[in-house]
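> Starting from the structure of chain A, add chain B where the hints point.
Protein chains: 2
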Amino acid sequence: MFKQNCVYPSEMEITRPTLLLNKETAICNIETMALKAANLNLNFRPHFKTHQSAEIGEWFRAAGVKGITVSSFTMANYFAEAGWDDITIAFSVNILEIPEINELAGRVKLNLLIENMEGLEALQKQITWHTGIFIKIDTGYNRTGIESNRTLLIDQLLEVIQKSPLLQFKGFLAHTGHTYQSNSTHDVFSRHFDALLKMKALKARYVNEWPELLISLGDTPSCSICENFDGVDEIRPGNFVFYDLMQFKIGVCKLSDIAIRMVCPVIATHPSRNEVVIYGGAIHFAKDSIINIDGKPLFGRIIINDGEKSLLLDERNYLHSLSQEHGILKITPRDFQYFKPGNLIEIIPVHACLTANLMKEFLTTEGEIIKMMPFY
Amino acid sequence: MFKQNCVYPSEMEITRPTLLLNKETAICNIETMALKAANLNLNFRPHFKTHQSAEIGEWFRAAGVKGITVSSFTMANYFAEAGWDDITIAFSVNILEIPEINELAGRVKLNLLIENMEGLEALQKQITWHTGIFIKIDTGYNRTGIESNRTLLIDQLLEVIQKSPLLQFKGFLAHTGHTYQSNSTHDVFSRHFDALLKMKALKARYVNEWPELLISLGDTPSCSICENFDGVDEIRPGNFVFYDLMQFKIGVCKLSDIAIRMVCPVIATHPSRNEVVIYGGAIHFAKDSIINIDGKPLFGRIIINDGEKSLLLDERNYLHSLSQEHGILKITPRDFQYFKPGNLIEIIPVHACLTANLMKEFLTTEGEIIKMMPFY
Numbered sequence: 001m002f003k004q005n006c007v008y009p010s011e012m013e014i015t016r017p018t019l020l021l022n023k024e025t026a027i028c029n030i031e032t033m034a035l036k037a038a039n040l041n042l043n044f045r046p047h048f049k050t051h052q053s054a055e056i057g058e059w060f061r062a063a064g065v066k067g068i069t070v071s072s073f074t075m076a077n078y079f080a081e082a083g084w085d086d087i088t089i090a091f092s093v094n095i096l097e098i099p100e101i102n103e104l105a106g107r108v109k110l111n112l113l114i115e116n117m118e119g120l121e122a123l124q125k126q127i128t129w130h131t132g133i134f135i136k137i138d139t140g141y142n143r144t145g146i147e148s149n150r151t152l153l154i155d156q157l158l159e160v161i162q163k164s165p166l167l168q169f170k171g172f173l174a175h176t177g178h179t180y181q182s183n184s185t186h187d188v189f190s191r192h193f194d195a196l197l198k199m200k201a202l203k204a205r206y207v208n209e210w211p212e213l214l215i216s217l218g219d220t221p222s223c224s225i226c227e228n229f230d231g232v233d234e235i236r237p238g239n240f241v242f243y244d245l246m247q248f249k250i251g252v253c254k255l256s257d258i259a260i261r262m263v264c265p266v267i268a269t270h271p272s273r274n275e276v277v278i279y280g281g282a283i284h285f286a287k288d289s290i291i292n293i294d295g296k297p298l299f300g301r302i303i304i305n306d307g308e309k310s311l312l313l314d315e316r317n318y319l320h321s322l323s324q325e326h327g328i329l330k331i332t333p334r335d336f337q338y339f340k341p342g343n344l345i346e347i348i349p350v351h352a353c354l355t356a357n358l359m360k361e362f363l364t365t366e367g368e369i370i371k372m373m374p375f376y
Numbered sequence: 001m002f003k004q005n006c007v008y009p010s011e012m013e014i015t016r017p018t019l020l021l022n023k024e025t026a027i028c029n030i031e032t033m034a035l036k037a038a039n040l041n042l043n044f045r046p047h048f049k050t051h052q053s054a055e056i057g058e059w060f061r062a063a064g065v066k067g068i069t070v071s072s073f074t075m076a077n078y079f080a081e082a083g084w085d086d087i088t089i090a091f092s093v094n095i096l097e098i099p100e101i102n103e104l105a106g107r108v109k110l111n112l113l114i115e116n117m118e119g120l121e122a123l124q125k126q127i128t129w130h131t132g133i134f135i136k137i138d139t140g141y142n143r144t145g146i147e148s149n150r151t152l153l154i155d156q157l158l159e160v161i162q163k164s165p166l167l168q169f170k171g172f173l174a175h176t177g178h179t180y181q182s183n184s185t186h187d188v189f190s191r192h193f194d195a196l197l198k199m200k201a202l203k204a205r206y207v208n209e210w211p212e213l214l215i216s217l218g219d220t221p222s223c224s225i226c227e228n229f230d231g232v233d234e235i236r237p238g239n240f241v242f243y244d245l246m247q248f249k250i251g252v253c254k255l256s257d258i259a260i261r262m263v264c265p266v267i268a269t270h271p272s273r274n275e276v277v278i279y280g281g282a283i284h285f286a287k288d289s290i291i292n293i294d295g296k297p298l299f300g301r302i303i304i305n306d307g308e309k310s311l312l313l314d315e316r317n318y319l320h321s322l323s324q325e326h327g328i329l330k331i332t333p334r335d336f337q338y339f340k341p342g343n344l345i346e347i348i349p350v351h352a353c354l355t356a357n358l359m360k361e362f363l364t365t366e367g368e369i370i371k372m373m374p375f376y
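Chains as they are written, first to last, in my numbering: chain A, 1 to 376; chain B, 1 to 376.
Heads up, a few of these hints could be off.
If several chains are the same, the list does not tell them apart, and a pair holds so long as it fits within one copy or across any two.
Here are the simulated DSBU-like cross-link-like pairs (lysine-lysine), alpha carbons at most 35 Å apart as the crow flies [stated by the list, open to error]:
1. LYS309 - LYS125
2. LYS371 - LYS249
3. LYS125 - LYS330
4. LYS163 - LYS360
5. LYS360 - LYS371
6. LYS296 - LYS66
7. LYS340 - LYS203
8. LYS330 - LYS66
9. LYS203 - LYS309
10. LYS296 - LYS360
Since the hints were made in silico from the structure, they are not lab data.
Just chain A, with the same shape it has in the complex:
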């Protein structure tokens, strides 16, 4: 039997796909990460893109968090309104937003990322307020950033920053996002270690000239399980507040650490093809999947309520496909008995960030509704 930590409040009438949040589990995840950062003497600047909620932000504040990370100007603006005054936008600067950034930089301590001369020169010309600048380093994820050995380009960028009275060099920032593609914790450790070596080499090269430079890293897998943060000054994990099946599959959290569930009504059962139709589709879950034991894409694991008990069904029972509003579950003949039209079931989602982004609000296990950032 599955240790149930996410029962939906029976007094709440759930009739449609609903994102259920176990507040206790989320706060425990926050406190665990805050404690780890404190023990390792790291500044904890959590990424708020997973929850996108001013109210959940307060749970971080209660755990001593003072500065935050966001992934867009829009999100920075939202959390500035919510009283956060030290914000890093961890997305290489969008030149077209500089006029709006100026307005925000006048109100809060803002850090921006650059990864090329075009972005930096646009900032240099257009910025009107003191702004912190991180140089974005690519530690191997190959999405954004500058490879750590391209010191000629880094030197050129630093030269421009040095001449810009409004731009203050803060340090080097990386997101070792390829830890999310890990097949095991071993992959996480080795990718994190590789990132550490690259960032430490940069620190060694530039620390004499810039004694206050910071090294900022921040992916949930390595922040959850690695203990070696030698040379690192700051961590910025985000997903850990809820965790999800992807993190569980890598091996960086337990199932009981996952703080969210989708609650969905059963619509129809099709025993002839071992399938159950639920109300809950791509517009609720989003379409990230992991590969199941049968080699097919899995969009979620299933929990059913059998009288007083809550049961996590094994992986042969899973959310198998998604169209706009429909979800199709594959269910073994043994467990088919648990599914009846009009019942509610719980699904553990694969990717918490994208699911929350679609649902736009949480129902807590205490019965409270928590809103997220409205659509911009």
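Using the frame of chain A, we list chain B on its own:
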């Protein structure tokens, strides 16, 4: 050179991912489908789940549309508020929503779908207003519905309906959704023809007892290219209002029929790996993809503005991957010159329904902002 039909209005300052809509193209798509339905003597009950917008609904009304299709109770409620009084919820009835359905059924002419005895019996017990009932038939998509040869179950359902004074049997409804998985127009024709045979057999069997029964079909691929709707009374396509790359790939629309584009800022260029980073990710596009000529997933085709001209780049240039806010383009060395940080580019999305659902508003090429249904 690409016949450009979707230039964004230069007086509008676009700084973030923006869903651009060519109103003229969308209205042309609506009028073409309305005319086709009229010529074939079919009731045209378009599906509104693609655009989810009261304002775009008015373009349909102007084309003579009186009844509509939606995919959720929430959407039915939204369009009822917008003045639509003849609505089919093309999603097998969610038993848990019947109390809310009652409230709506008292205000508008509502049709519901059933596909099992549980749903029907719940309706029979709880419904308090006259409601039309379609029996959902599975024509081979194998997502929802009853196989057309299960006449024993259909007979049992009809017997219950007959005894329920508030439930009026309307007919048989199917969504031949496997036409979306077609590799060619040939597949669309054969799947549609197969669906026709199944629905005609049902009509032949039940028409004597229920002389007014309707046959309702409605997928965009077959409604766009098939001419044989023998035995069909009503069509319910939705996606055709915008079309998208998936429809273009099947061969049911021209590129110039696609009425939407995502406009995205270029953030960084990485010539060493033939990649460009844009602001525009999974929370803007959603994650449906098609397979590109190189065997890799493609999330969108790219249009660039070269001075006065607009160029659709060939398929070796494409939106290659998506994370939360980032998109990565694969760009050939020949076309790399077109990409500079701070530029705007246009992307034709793969799946219009999911992209629009995320963006929640359109900017028309006339510079008007059109809102969609707010998040429920």
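> Indicate, hint by hint, whether the structure satisfies it.
Structure-based check of each hint:
In the homo-oligomer, the alpha carbons of LYS309 and LYS125 lie at most 35 Å apart only across protomers (29 Å), although the nearest pairing inside one protomer, at 63 Å, exceeds that limit. Taking the shortest alpha-carbon separations for LYS371 and LYS249, only the intra-copy value of 29 Å comes in at or below 35 Å, while the best inter-copy value is 39 Å. Taking identical chains as interchangeable, the C-alpha atoms of LYS125 and LYS330 lie at most 35 Å apart only when they sit on different chains, with a minimum of 30 Å there against 57 Å within one chain. For the homomeric pair LYS163 and LYS360, neither the shortest alpha-carbon distance inside one copy (43 Å) nor that between copies (43 Å) is at most 35 Å.
In this assembly of identical chains, LYS360 and LYS371 lie within 35 Å of each other by CA distance both inside one copy and across copies; the values are 6 Å within and 17 Å between. Taking identical chains as interchangeable, the C-alpha atoms of LYS296 and LYS66 are never at most 35 Å apart, the minima being 43 Å within one chain and 43 Å between chains. Taking the shortest Cα distances, LYS340 and LYS203 sit within 35 Å of each other only across copies (30 Å), while inside one copy they are farther apart (60 Å). Neither within a single protomer nor between protomers do LYS330 and LYS66 lie at most 35 Å apart by alpha-carbon distance, with minima of 45 Å and 39 Å respectively.
Neither within a single protomer nor between protomers do LYS203 and LYS309 lie at most 35 Å apart by alpha-carbon distance, with minima of 53 Å and 47 Å respectively. Within a single copy, LYS296 and LYS360 get their C-alpha atoms as close as 29 Å, and across copies as close as 31 Å, so both meet the 35 Å cut-off.
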